[in-house]
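S.K.: This is what each chain is made of:
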Amino acid sequence: MKKYAMVVDSSVCIDCKGCMVSCKVQNNVPKGYWRNWIKQTKPDFSLGKLTRTHFQPGGCMQCDVPTCVTACPSGATFKDRETGIVHVNEPLCIGCGNCVRACPYGARFRHPEKRVPDKCDFCFSAGRLARGIPPACVDTCPTKARVFGDLNDPDSEVSRLLRDKPTVRVTSKNIDTQPNLYYITTTEPADWVGDVEYPQAYSVMASLVSPLVKVAVGLSALGVAGMWAKQAFAPDPPDPGDDEHGPEAKHSEPTASKQD
Amino acid sequence: MDETTKTLSRRNFLRASAAAMTAAAGVPALKGLVSTGHAAAPAPQAGSITDHFTACDMCFNRCGMIARVQNGRVVKLDPNPKFLKSRGMLCARGNAATAHIYDPDRLKHPLLRKGARGEGKWQRITWDQALDHTAEQFERIAEKYTRCGVMFSPGSDMQSQFLIRFAEVFGSYNITSHETLCLLSNHRAYLDTFGETPYADVLYTKYIIVAGANPYEAIITPDTIDLMEARKNGCKMVVLDPRYTKTAAMADEWHPIRPHTDMAFFLALAHVIIHEELYDREFAANMLFGLDELSAHVRKYTPEWAATETGIPAEDIRRIAREIAAAAPTAMIYPGRRTSDYEDSSQIRRSMAIVNALLANWDRPGGVLASREVGVRAPYFDIPWYDDNPDDRIDHGMAPGLIHHEGSFKLMRDAIIKGEPYPIRGWFTFKTNFMQTAANRNKTIEMLDHLDFIVNADIAMTDTAWYSDLLLPSPSFLERDDPVSALQGSSACACAIWRDAVVPAMYESRDIRWICTELSKRLGFPETFDFSIDQYREWQLASIPEAAQAIKEDGVYYNPSKVYGIYFDVPLKTQAQKIELYNQRYANMGLDPMPTYKPPRQEQGKLRLVVGRTAFFTHSNTNNALLIEFEEENTLWIHPKTATRMGFRDEERVFVTSGVARVELALKFFEGIEKDTVYMATGFGALSPGQRLVHNRGASIAEVLEDHVDYISGNMAMHETFVTVSRKVG
Numbered sequence: 001m002k003k004y005a006m007v008v009d010s011s012v013c014i015d016c017k018g019c020m021v022s023c024k025v026q027n028n029v030p031k032g033y034w035r036n037w038i039k040q041t042k043p044d045f046s047l048g049k050l051t052r053t054h055f056q057p058g059g060c061m062q063c064d065v066p067t068c069v070t071a072c073p074s075g076a077t078f079k080d081r082e083t084g085i086v087h088v089n090e091p092l093c094i095g096c097g098n099c100v101r102a103c104p105y106g107a108r109f110r111h112p113e114k115r116v117p118d119k120c121d122f123c124f125s126a127g128r129l130a131r132g133i134p135p136a137c138v139d140t141c142p143t144k145a146r147v148f149g150d151l152n153d154p155d156s157e158v159s160r161l162l163r164d165k166p167t168v169r170v171t172s173k174n175i176d177t178q179p180n181l182y183y184i185t186t187t188e189p190a191d192w193v194g195d196v197e198y199p200q201a202y203s204v205m206a207s208l209v210s211p212l213v214k215v216a217v218g219l220s221a222l223g224v225a226g227m228w229a230k231q232a233f234a235p236d237p238p239d240p241g242d243d244e245h246g247p248e249a250k251h252s253e254p255t256a257s258k259q260d
Numbered sequence: 001m002d003e004t005t006k007t008l009s010r011r012n013f014l015r016a017s018a019a020a021m022t023a024a025a026g027v028p029a030l031k032g033l034v035s036t037g038h039a040a041a042p043a044p045q046a047g048s049i050t051d052h053f054t055a056c057d058m059c060f061n062r063c064g065m066i067a068r069v070q071n072g073r074v075v076k077l078d079p080n081p082k083f084l085k086s087r088g089m090l091c092a093r094g095n096a097a098t099a100h101i102y103d104p105d106r107l108k109h110p111l112l113r114k115g116a117r118g119e120g121k122w123q124r125i126t127w128d129q130a131l132d133h134t135a136e137q138f139e140r141i142a143e144k145y146t147r148c149g150v151m152f153s154p155g156s157d158m159q160s161q162f163l164i165r166f167a168e169v170f171g172s173y174n175i176t177s178h179e180t181l182c183l184l185s186n187h188r189a190y191l192d193t194f195g196e197t198p199y200a201d202v203l204y205t206k207y208i209i210v211a212g213a214n215p216y217e218a219i220i221t222p223d224t225i226d227l228m229e230a231r232k233n234g235c236k237m238v239v240l241d242p243r244y245t246k247t248a249a250m251a252d253e254w255h256p257i258r259p260h261t262d263m264a265f266f267l268a269l270a271h272v273i274i275h276e277e278l279y280d281r282e283f284a285a286n287m288l289f290g291l292d293e294l295s296a297h298v299r300k301y302t303p304e305w306a307a308t309e310t311g312i313p314a315e316d317i318r319r320i321a322r323e324i325a326a327a328a329p330t331a332m333i334y335p336g337r338r339t340s341d342y343e344d345s346s347q348i349r350r351s352m353a354i355v356n357a358l359l360a361n362w363d364r365p366g367g368v369l370a371s372r373e374v375g376v377r378a379p380y381f382d383i384p385w386y387d388d389n390p391d392d393r394i395d396h397g398m399a400p401g402l403i404h405h406e407g408s409f410k411l412m413r414d415a416i417i418k419g420e421p422y423p424i425r426g427w428f429t430f431k432t433n434f435m436q437t438a439a440n441r442n443k444t445i446e447m448l449d450h451l452d453f454i455v456n457a458d459i460a461m462t463d464t465a466w467y468s469d470l471l472l473p474s475p476s477f478l479e480r481d482d483p484v485s486a487l488q489g490s491s492a493c494a495c496a497i498w499r500d501a502v503v504p505a506m507y508e509s510r511d512i513r514w515i516c517t518e519l520s521k522r523l524g525f526p527e528t529f530d531f532s533i534d535q536y537r538e539w540q541l542a543s544i545p546e547a548a549q550a551i552k553e554d555g556v557y558y559n560p561s562k563v564y565g566i567y568f569d570v571p572l573k574t575q576a577q578k579i580e581l582y583n584q585r586y587a588n589m590g591l592d593p594m595p596t597y598k599p600p601r602q603e604q605g606k607l608r609l610v611v612g613r614t615a616f617f618t619h620s621n622t623n624n625a626l627l628i629e630f631e632e633e634n635t636l637w638i639h640p641k642t643a644t645r646m647g648f649r650d651e652e653r654v655f656v657t658s659g660v661a662r663v664e665l666a667l668k669f670f671e672g673i674e675k676d677t678v679y680m681a682t683g684f685g686a687l688s689p690g691q692r693l694v695h696n697r698g699a700s701i702a703e704v705l706e707d708h709v710d711y712i713s714g715n716m717a718m719h720e721t722f723v724t725v726s727r728k729v730g
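Keeping their order, the protein sequence lines are chains A and B.
Numbering-wise, the numbering used here puts 109 at position 109 of the first sequence, and it's gapless, one number per residue.
Numbering-wise, the numbering used here puts 663 at position 663 of the second sequence, and it's gapless, one number per residue.
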């Protein structure tokens, strides 16, 4: 059993956009959408010669408390126990868009043609991991800001980094999603993560119903019809992930937390 | 062509890449990565993928690449982890090469112009017709105006050597490419100081001053990556730039220096280092020529004086001089690349080279390095003598420090318009787009009016193609077999590569080797191109036959040649056989033998325009669906205080007027630019509708820039244009 994670040294990111293009090509991400991003701080020019900008690469955090999975009524979105990767099983998706709203990172978008959510899966479905090649963003990075590997393997680079270096995680204010994307030492900006938003009706049900039942619901005739109708006609959810900077900060405080 | 494609078996590749990743990154290879997993996990893509080593062509760096091919199509480009020059990385542009090769705007067939130039009326013709027509035109021009009546621009491609071979055997001395719009003033300065053009050993340096360069955006491999690695190891980086670039944004110190005052800063550094005796006396005694003269020369260039010129406080200048001298010899002034800035760029870069000399960093770790031995030979060919040819190239003698095999595009263009000293009537351009890169586009168009015949080989309808008479469609770099290319990656490597076609040539495209071969048959010198690509590579690798196997297996051959101390017991290739702080040749030619500061021009009510590029755009070939998403058009960066004083709003569209053109741009208010300076990025405002993503989007630097020239090297001077910004009326 693996637990894939990414450890990022954002202090060496030069904002070259290599990771974003590499991901886009590898995963056929449509124009106007991105599975990953580079955020940046606003320079304070009153600092004169010491003015700096900090760039911060990111993407789906493959959370241990995946709010997108909780929000999904059909079981289409799930966390793979064998890898720790959060996937979308597209045939099960009813296109409701709840997962997109439930992700505080804006790491999901509704695919404009497929009408299902799209997100980073560490290039699993692109076949890179099966071929022994790191995810596209990791492989291409000039300064090797992004490091990928298996936290269950004590000899992996990510395990070693977590042992040797202090790290922080960026998470939502209202729910600690326990992300599997770690930043070495510290990172900025940290104020962009939104609140997790669950739809009222689902928030109660989704937390009670077992995953098996959810799958059954998704596969029911009603579910299939609903899926078709919603995928075809549902309006896009207010999609925070459709520009390169991801979501606007909604209303939360910086919540970068020290990792022990 | 397809038969020669070398494909790694998947198993071999996995072994190679896993081993390479382990070696390159010092981490355990990913092993047995993914189990069957969750029953519903998406299955990896079907269809077998083959992997092919190649080298990128989206800029000049030639970073090592692996092309992943599925069902006959290049589906992904990844870095070659065994490629030391590029440190196993691929930038945004390299990743976007898939959109470059499958660009719907590609030229597909030979096209002959029908209407007026630039009118866009074309007739599809066959290759035979195209080649016959070209040969006829070249013969006609040679007959009437001599063979030097045809100008050649062979580009900076791995196949450019074939067009140079063709030009020389055809008999024209008039060969020029983009270099005189780029780095020749820097070459001039270092040739006239060290006798060589240097490589910066960024990886091992402990203190670096970056001036007139932006390595985190204008990516140079391995320098860009090494600059980050060096800083992890404690290297301090000081950036001087009127603009807050991404390099400035990550610097330990950023000084928004007034444009065209860099020489004042470096003369003041020399002043402090010499007069506080912070230099290595033994190195000076053995290696430096003219220290006494320099000492007297820089006496007046105090930090206090430089502060008034540069806007950088005197105490900072003095402190930086002391810090960098303390870090010497593992310290450097970064030489940079595009130095086509000012009318005295050669002398500005000389002042930087001189400080490097005072830091005693020549030929030493962390300093500026000499060229290493790679071992790739240039195959011999006979150059015939043509009695009626003129004595020299058209721009001969027009600048005292012209580099003979490059000349100066700017000076050649002026000479062609004048028709003096002799006429040029034909032009063969390959993968060079002067219409987008050479300052004063209207003058380039004027030059075209003096030409009878323009033939252009490229993969797309660039602006230069748009104004040509005959278009020859080229394959992209992934569709052809290229000869060996020697590369030096600073201290990282001296290496040799070649490219084999990854996919077959698309449409009717033909590479320049084939074109030269076919033309040579028609023009009576078929023996010049009577070789196969394999034969040619063998000639190139005659002294390193082991290289061929390495290139086949790893995509690259490394020559373990000497890195440091190359000149330990060899005199330098300068007149004094030492590092020339004082250049005797300059003195003989009536030039300042040591850089003498002249204050920058100012023009009342005008702003100085500077140009540059981003990490995700090239100068003139970015008509790329993937890259255009990051910046859909260029803007004019202006300081908010300057703009509001002039009554402008942020994002307002304005007219930007220089002495040669008026263009329209949207303003971008940005505090990170010097108050009397404005900036625009390269790559936009294409005239050609065949560059649909940048056609009429933003503005072209080539249109608005005036064509000033570095008076020593003949390099274009692109930061000497002053513009007025005015409200768009109507």
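Heads up, some of the hints might be wrong.
Sample of chain A residues lacking proximity to chain B, with all beta carbon distances greater than 10 Å (derived) [claimed, not checked]: (1) I14; (2) D15; (3) V25; (4) G32; (5) T53; (6) V69; (7) T70; (8) E113; (9) R131; (10) A136; (11) D139; (12) D164; (13) T186; (14) E197.
Have a look at the derived ranges for each label pair, beta carbon to beta carbon [to be verified]: (15) A/Q178 - B/P560: 44 to 52 Å; (16) A/L47 - B/T657: 29 to 37 Å; (17) B/A326 - A/R163: 35 to 43 Å; (18) B/R377 - A/N152: 50 to 58 Å; (19) A/D155 - B/E553: 49 to 57 Å; (20) A/K42 - B/E282: 27 to 35 Å; (21) A/T185 - B/E277: 38 to 46 Å; (22) A/G32 - B/S543: 48 to 56 Å; (23) B/E277 - A/G48: 28 to 36 Å; (24) A/L47 - B/Y507: 27 to 35 Å; (25) A/S46 - B/G234: 51 to 59 Å; (26) A/S46 - B/K562: 25 to 33 Å.
Honestly, the hints are just simulated from the structure, not real lab data.
Using N, Cα and C, we set each Cβ at its ideal position, and we do this for glycine too.
S.K.: Against this structure, judge whether each hint is valid.
M.R.: How the hints compare with the structure:
In this structure A/I14 is not separated from chain B by more than 10 Å, as the shortest Cβ-Cβ distance comes to only about 4 Å. Listed as outside the interface, A/D15 is inconsistent with that label: its C-beta sits roughly 6 Å from the nearest C-beta of chain B, within the 10 Å cut-off. Taking the minimum C-beta to C-beta distance to chain B, about 5 Å, the non-interface status of A/V25 is violated against the 10 Å cut. With a minimum CB-CB distance of about 7 Å to chain B, A/G32 fails to clear the 10 Å threshold, and the non-interface call is violated.
Consistency note on A/T53: stated as away from chain B, yet its beta-carbon is not over 10 Å from all of that chain's, at 4 Å minimum. Listed as a non-interface residue, A/V69 keeps its Cβ farther than 10 Å from every Cβ of chain B; the least gap is roughly 12 Å. The beta carbon of A/T70 is kept farther than 10 Å from every beta carbon of chain B, the shortest such distance being approximately 17 Å. No beta-carbon of chain B is positioned within 10 Å of the beta-carbon of A/E113; the least distance is around 16 Å.
Interface exclusion of A/R131 from chain B breaks down, the closest Cβ pair being 7 Å apart, not more than 10 Å. For A/A136, the condition that its CB be more than 10 Å from all CB atoms of chain B is violated, with the nearest at approximately 7 Å. Against the 10 Å criterion, A/D139 falls within the reach of chain B, whose nearest CB is about 5 Å from its own CB. Every C-beta of chain B lies more than 10 Å from that of A/D164, the closest at about 13 Å, which supports listing it as non-interface.
Distance to chain B confirms A/T186 as a non-interface residue, since its nearest Cβ pair spans about 15 Å, more than 10 Å. Every CB of chain B lies more than 10 Å from the CB of A/E197, the least distance being 26 Å, so the non-interface label holds. In this structure, A/Q178 and B/P560 meet the distance hint of 44 to 52 Å, their C-beta atoms being roughly 49 Å apart. Hint check: A/L47 to B/T657, Cβ distance near 35 Å, so the stated range 29 to 37 Å holds.
The hinted range of 35 to 43 Å is satisfied by B/A326 and A/R163, whose Cβ atoms lie roughly 36 Å apart. At about 53 Å, the CB distance of B/R377 to A/N152 agrees with the hint of 50 to 58 Å. Between A/D155 and B/E553 the beta carbons are some 28 Å apart, a value that contradicts the proposed interval 49 to 57 Å. Checked against the given bound of 27 to 35 Å, the beta carbons of A/K42 and B/E282, roughly 49 Å apart, lie outside it.
Taken as a hint, the range 38 to 46 Å holds for the pair A/T185 and B/E277, whose Cβ atoms sit roughly 41 Å apart. Between A/G32 and B/S543 the Cβ separation comes to about 53 Å, which falls inside the hinted range of 48 to 56 Å. In this structure, B/E277 and A/G48 meet the distance hint of 28 to 36 Å, their C-beta atoms being roughly 31 Å apart. The hinted range of 27 to 35 Å is not satisfied by A/L47 and B/Y507, whose Cβ atoms lie roughly 54 Å apart.
The hinted window of 51 to 59 Å between A/S46 and B/G234 is violated, with their beta carbons roughly 28 Å apart. A/S46 and B/K562 have their C-beta atoms about 49 Å apart, which leaves the hinted 25 to 33 Å range violated.
Violated hints for the displayed structure, listed by number in ascending order: 1, 2, 3, 4, 5, 9, 10, 11, 19, 20, 24, 25, 26.
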